[in-house]
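What follows is the residue order along each chain.
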Amino acid sequence: MQKSLHIDPGKCTGCLQCEMACSYENTGMFNPSRSRIKVFDFHHEGRKVPYTCTQCTEAWCLNACPVEAIKLDQATGAKVVLEAVCVGCKVCTIACPFGTINYSRDSGKVQKCDLCGGDPACATACPTGAITYVDADWTGLERMRQWAQKTDAAAHL
Amino acid sequence: MAWTRKILRVNLTQGSCVSEPLNMAWAAQYLGQRGLASKYLVSEIDPGVDPLAPENKLIYATGPLTGTMASTGGRYSVVTKGPLTGVIACSNSGGYFGAELKFAGWDMIIIEGRSPQPVYLHIENEHAELLPAGELWGRTVWETEAMLRQRHQDPLLRVSSIGRAGENLVLFAAIVNDLHRAAGRSGVGAVMGSKNLKAVAVRGTRGVGNVADPKAFMAAVTAGKKVLAENAVTGQGLPTYGTQVLMNVINEMGASPTRNHRDVQFEGARRISAEAMHEKRATDGRTHLVTNQACFGCTIACGRISRIDESHFSVDNKPQYWGANGGLEYEAAWALGNANGVDDLEALQYANLLCNEDGMDPISFGATVGAVMELYELGVLSKEEIGLEAPFGSAAALCRLAEMTARGEGFGTIIGQGSKRLCARYGRPELSMTVKGQEFPAYDGRALQGMGLAYATSNRGACHLRGYMVSSEVFGIPVKTDPRETAGKPELLKAFQDATAAVDSSGLCVFTTFAWTMNDIQPQIQAACGGDWSLESLLQTGERIWNLERDFNLAAGITARDDTLPPRLLNEPCKTGASQGMVAELGKMLPEYYSLRGWSPDGVPTADTRARLGL
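Line order of the protein sequences matches chains B and Z.
Heads up: the first sequence at position 37 corresponds to 78 in my numbering, and the numbers run straight through without jumps.
Heads up: the second sequence at position 529 corresponds to 543 in my numbering, and the numbers run straight through without jumps.
Isolated chain B, as found in the complex (with noise of 0.2 Å):
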């Protein structure tokens, strides 16, 4: 089965633990400044989202890069930057609509969500459920169910 991460804003506390847990799964440190996976608060709505890449099937970083240095892994679906063949030109940066491949200063390279070769750690790490690992397939499934609950949950009272 294929899964892709599936984020649930609702239940994100904004405690940071999946980027401490994607920055050391990673660089093996704790730094959040180095994390694919970012939460954003949007203070005044009462409102936090973390945002990562959702592995677009047509990839436009895939596409875009001249150098064929992101390549598809079968077999978690994930586009992955090969670091070694990655020239820091940043032109996938531009294509992607969603912002989530980044340069990083420090390696010279871009970085983005590789679902960690198919056990994603910020996941692991989410004390909520706000970020999940699920079947690709079916990534509307949880709420599917809530909702189908309530459904003529009004004839049994």
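Hints listed in this document are in silico derivations from the structure and should not be mistaken for laboratory results.
A virtual CB, placed ideally from N, CA and C, is assigned to each residue, including glycine.
There could be a bad hint or two in this list.
What the hints assert, rightly or not - Only pairs whose alpha carbons sit at most 25 Å apart, straight line, appear in this in silico DSS-like list of lysine-lysine:
id	chain 1	residue 1	chain 2	residue 2
1	B	112	B	79
2	Z	294	B	52
3	B	150	B	79
4	B	150	B	52
5	Z	589	Z	602
6	B	52	B	191
7	B	112	B	150
8	B	131	B	150
9	Z	229	Z	239
10	B	131	B	79
11	Z	240	B	79
12	B	52	Z	240
13	B	131	B	112
14	Z	602	B	52
15	B	79	Z	239
16	Z	240	Z	494
17	Z	294	B	191
18	Z	240	Z	229
To be verified - Pulled from the structure, derived: some chain B residues nowhere near chain Z, Cβ distances all over 12 Å:
id	residue
19	44
20	71
21	103
22	108
23	134
24	149
25	181
26	188
Guided by the hints, dock chain Z onto chain B, whose structure is given.
Here is chain Z on its own, set in the frame of chain B:
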């Protein structure tokens, strides 16, 4: 090792920012944050210094677990000599600022002297500089954060600043970061204001990558998070209701100081409780509470995000307050509510917003208003003197006095001196509900005997966070004790105080201890720090810190006579509740407490005690 091993020393008089190595021998004895910053402070300042003089120092300090994945590992403390109390001040804050400071590569900032003009400190990793704050002076905390992000074109900048209360030297001014997280107590914001330092703005991208044993650390952290998630208080109560979960519980047992401690139960408590925050309002059909919020790294998420009722009189034509914003936690709700007899939830939230916006401690502010209202009802203070009618229960007076105090207007400048000075000024010092000049928080020392002792002996004046006996006396954590009983309390309090001093020095939040014991905390510190951080070593560190603080306070002029409670708590019994008829039996506990501490009958650590603790 988890420490960055670097201190930033900022001399405001000279305008210099210099990096120096952290004293690792001291780190091994005092861990970090509260303990380590206190060690630096007492080693560098004259205990007799005027807290608002340039010779006082202000220390921002992170702990070794700050900026790590340990749950709640985002705390920082501000340590200085407190202007409200004249003793050591150590105020602890969450939010995101502390972790950012650590990510920039600094364990601590030691701030000295006084700048000739208003300045702010800008830190981007190893680069630190003082910049003019002329346009920022006179601005609120909220404006300051926005203006600094704009000026530096950096939306990820984290800011810790003072509002107008700190500038105006309100003696209970707070330092606020991330809009509504505060190093709240003892007037640390006034010290910052006295130094002409408006803000510290930090961007850190270096991260924390030097934990001693990463594998063991991650295992301990994961185990700790599981304990927090499965505990009823940290896994359900606090995320759902926040600390406000306490409002009805404490009130029902008759331990909720009401109307300047005249009563111990507030008839309006239900209307300002966590439960009320969850109910839909009649006016707009919305709930007061919007959602909960976590501080950095915290898997509990007790923070409240609330939305004030736009139709409430306090925010009429003030759209800047209408959005979701930092909400009431228990201490603020109590101090603005019960202490004044005000049961208008929206009014409390307005006063709370002003405390956040201009940097004031809502506990000391609310409790001082309680004293004002009692003096008003006694006829000592007149409408003309105050500028308005201020009977107990007046939401309008509470809101207006919050504005006046935050902005330094009229009678607000007198409230800004705190209740000890205010009551003395009007010839009724006995009506100040304070210890060592600091106002009580939300538990009555008559109804909870252990808390009475905790208040009397706290090293920063009346405080619930130096030894939270409520945990045992109300919740039975780690053991249930009878709140009306004095026996056994000195020993239990000493254990609480020492353990708390260690937790406050680690970078973790003390709220974890609703679920965690030192057995859960110790492996996280050990794996992060290396060296000897056994349970025994940690607890001795806590005891060392407690005695270090005590020695400083004694040198600052405190004596055993200051380890007391206001006459009202010692002589006027609880009128209602489970402890009806009881007063605080301090005399039954204090001598034993001194003895258990290894102090003389005068409350002075003996030579043996100092030697044992390496002081």
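Checked hints:
Distance check on the hinted pair: residue 112 of chain B and residue 79 of chain B sit about 23 Å apart at the alpha-carbon level, within 25 Å; holds. Only pairs whose Cα atoms come within 25 Å are accepted, and residue 294 of chain Z paired with residue 52 of chain B is accepted, the gap being roughly 21 Å. A distance of roughly 19 Å separates the Cα atoms of residue 150 of chain B and residue 79 of chain B; the hinted pair therefore holds under the 25 Å criterion. At most 25 Å may separate the alpha-carbon atoms for a hinted pair to count; residue 150 of chain B and residue 52 of chain B exceed this at roughly 33 Å.
Using a Cα cut-off of 25 Å, the hinted pair residue 589 of chain Z and residue 602 of chain Z holds, with the two alpha carbons roughly 21 Å apart. For the hint linking residue 52 of chain B to residue 191 of chain B, the alpha-carbon distance of about 20 Å falls within 25 Å, and the restraint holds. This hinted pair checks out: residue 112 of chain B and residue 150 of chain B have alpha carbons roughly 15 Å apart, not beyond 25 Å. A C-alpha spacing of about 8 Å is found between residue 131 of chain B and residue 150 of chain B, which places the hinted pair at or below 25 Å, so the restraint holds.
Distance restraint check for residue 229 of chain Z and residue 239 of chain Z: the Cα-Cα separation of roughly 16 Å lies within the 25 Å cut-off, and the hinted pair is therefore satisfied. Taken as a hint, the residue 131 of chain B and residue 79 of chain B pair is honoured in the structure, with Cα atoms around 19 Å apart against an allowance of 25 Å. A C-alpha spacing of about 24 Å is found between residue 240 of chain Z and residue 79 of chain B, which places the hinted pair at or below 25 Å, so the restraint holds. For a cut-off of 25 Å, the pair hint linking residue 52 of chain B to residue 240 of chain Z stands: about 18 Å separates their Cα positions.
For the suggested pair residue 131 of chain B and residue 112 of chain B, the alpha carbons sit about 16 Å apart, so the restraint of at most 25 Å is met. Between the alpha carbons of residue 602 of chain Z and residue 52 of chain B the distance comes to roughly 49 Å, so the proposed pair goes past 25 Å and is violated. A hinted pair counts as satisfied when its Cα atoms are at most 25 Å apart, and residue 79 of chain B with residue 239 of chain Z qualifies at roughly 21 Å. At most 25 Å may separate the alpha-carbon atoms for a hinted pair to count; residue 240 of chain Z and residue 494 of chain Z meet this at roughly 24 Å.
About 21 Å separates the Cα atoms of residue 294 of chain Z and residue 191 of chain B, which keeps this hinted pair within 25 Å; it holds. A C-alpha spacing of about 17 Å is found between residue 240 of chain Z and residue 229 of chain Z, which places the hinted pair at or below 25 Å, so the restraint holds. At the 12 Å boundary, the C-beta of residue 44 of chain B stays outside the reach of chain Z, the nearest C-beta of that chain being 22 Å off. A Cβ of chain Z approaches the Cβ of residue 71 of chain B within 12 Å, the least distance being about 5 Å, so the stated non-interface status is violated.
With a cut of 12 Å on Cβ distances, residue 103 of chain B stays outside the contact zone with chain Z, its closest approach being about 27 Å. Consistency note on residue 108 of chain B: stated as away from chain Z, and its beta-carbon is indeed over 12 Å from all of that chain's, at 27 Å minimum. The Cβ of residue 134 of chain B sits about 17 Å from the closest Cβ of chain Z, beyond the 12 Å cut-off, so the non-interface label holds. Against the 12 Å criterion, residue 149 of chain B stays outside the reach of chain Z, whose nearest CB is about 15 Å from its own CB.
Its beta-carbon lying about 23 Å from the closest one in chain Z, residue 181 of chain B satisfies the requirement of being farther than 12 Å from that chain. Against chain Z, the non-interface label of residue 188 of chain B holds: every CB pair exceeds 12 Å, the least being about 21 Å.
In this structure, the hints that do not hold are numbers 4, 14 and 20, in rising order.
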